[in-house]
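Take these sequences, add in the hints, and give me the full structure.
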Amino acid sequence: MIHLLLTGVAMLAFAANSLLARAALQGGGVDAFSFTAMRLFAGAAVLGFLLWRQGGFRPGRSMPGSWVSASALLGYSLGFSLAYLRLGAATGAVILFASVQTSMIGWGLLRGHRPSMQEILGLVIAGGAFVWLMAPGVQAPDPAGAAAMVIAGISWGVVSLRGGGRGTAMEGSSGNFLRASALILPILAMAAVLGALREPQARAVGLALFSGGVTSGLGYALWYRVLPHLTPLQAASVQLTVPVIAALGAVAVLGEMLSLRLVLAGGLILGGVALTVLGRRRG
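In terms of numbering that gives the first Met the number 0, the sequence shown opens at residue 0 and continues consecutively.
No wet-lab data here; the hints were simulated from the structure. Beta carbons are placed, not taken as given, at the ideal position from N, Cα and C, and that holds for glycine. Heads up, some of the hints might be wrong.
Restraint ranges, calculated between C-beta atoms of paired labels, are given here [claimed, not checked]: (1) Gly205 <-> Gly54: 40 to 48 angstroms; (2) Ser115 <-> Leu229: 17 to 25 angstroms; (3) Met0 <-> Ala134: 40 to 48 angstroms.
The structure is reproduced here in structure tokens:
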């Protein structure tokens, strides 16, 4: 029972990241580059502290994680922030989730996995619904924002497929956040030269730090705690709740209006991915 409760809290944390990013970035409270940097710094600090408390940092030991995974983490974080300059929280969460799952399923197919009929049906439903969601029209999401979120989703898929790198999942994530925090520095410098940075508002800073330290750092730590108690099917399926929670939160907290296209397409995408996940496991 406790693992079910903790899993639900982790999913709430992941969904909250979309709400926090949208709330911080809308209205120009902070630029996307600064928001990304603060989120990475806060996540690295919290995960590093937790790892230190567990005795994970020892003198003479190389930093866990990898530069490839850290680069993918940076791609996810920056794409996520840039997307939420243009997308609503609910729309962004649906596109992110669809991109993550599609990239991971696609990688399995490229590596020779032979899909079952149920998997093929799920992919067709999810893919068709995604194309419909992105099709031009009054209710279509902003193309640039959608493209940035697709990049974020693919990047997070890479992080998920590669795992943490050296060490445990907790150690790898801590090292990847530290490495990504270093990688964002030259990007910040370039953004400053180009005049893309702005003085952040105090509220936006608080939201960025909370997103990085609590809903990302502590959220990931909690997820890694419950993950060993879930089957791969359960772990994949439970993440279907994240865009749903984000959509409900966007309406309740941010006052967003859900378009009929988003509701229908989002439901079809989630259903199609669910079919694929279930078919993949059984096959």
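For each hint, the structure was consulted:
Range check, Gly205 to Gly54: about 31 angstroms between beta-carbon atoms, so the 40 to 48 angstroms window is missed. Separated by about 22 angstroms at the C-beta atoms, Ser115 and Leu229 satisfy the suggested range of 17 to 25 angstroms. Our hint of 40 to 48 angstroms for Met0 and Ala134 holds, since their Cβ atoms are close to 44 angstroms apart.
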